[in-house]
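Asks: As a plain string of letters, each chain reads:
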Amino acid sequence: SQTIHQWPATLVQPVGSPLSLECTVEGTSNPNLYWYRQAAGRGLQLLFYSVGIGQISSEVPQNLSASRPQDRQFILSSKKLLLSDSGFYLCAWSGGDDQPQHFGDGTRLSIL
Amino acid sequence: GNSVTQMEGPVTLSEEAFLTINCTYTATGYPSLFWYVQYPGEGLQLLLKATKADDKGSNKGFEATYRKETTSFHLEKGSVQVSDSAVYFCALSDRGGGFKTIFGAGTRLFVKA
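Sequence lines, in order, name chains A and B. For the first sequence, the numbering used here begins at 1 and goes up steadily by one. For the second sequence, the numbering used here begins at 1 and goes up steadily by one.
Here are the simulated lysine-lysine pairs, DSSO-like style, with alpha carbons at most 30 Å apart:
1. Lys100(B) <-> Lys52(B)
2. Lys77(B) <-> Lys60(B)
3. Lys80(A) <-> Lys100(B)
4. Lys60(B) <-> Lys100(B)
5. Lys100(B) <-> Lys79(A)
6. Lys56(B) <-> Lys77(B)
Heads up, incomplete: computed chain A residues facing chain B, CB under 7 Å, no partners named:
7. Asn32
8. Val51
9. Asp98
10. Gln101
11. Phe103
12. Asp105
FYI, nobody ran anything at the bench for these hints, they're computed from the structure. All of these numbers come straight from a predicted model, not from anything done at the bench. Every residue, glycine too, gets a C-beta built ideally from N, C-alpha and C.
Throw the hints in and build the complete structure from the sequences for me.
Replies: Below you can see the structure in the form of structure tokens.
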């Protein structure tokens, strides 16, 4: 069966520091991969999605970037974090463009 | 473009009450429809889905019917439990939607014992 791993679960970072969040999927090949951010008590904001290695689509211009160095690995990065980057970050995968998405457990990021 | 509108929360019910969370959608194609549930501090989990008109998705006592004529996919449960307290998201995914799933804003449900 397929599983998705996302880490770390919780992260506290100072303003201006770099960020790297990692997500890996097991048990499937060539998944569509997604990064979302969820502000407290709010809905989901799609940040990036990828349909293949090295293929990244950005939905929201900001100081975050994403990379897909391997088929089942998706990384969210920033060179300098802002206070507004705080939130709950969720990685997800799907098997096709009309298939359900499967989410990781999320990373709660707090910026001090 | 595609969009999903769901009823605002929070919804507060007593245990064993009947639940309805309304969801309507706008889509240019023939979307698949989903309900996801998010428990506190966790990611979203797929609750149920329907892929074509008149399909009924069901899971854990929850049901939703894909109504093309009213462009709706309302979530229902006959008797809620305290453990159903969570945030529920309606969503659609369309072959013409560019690999993206459109999520509603979420509806928070509180169930009191």
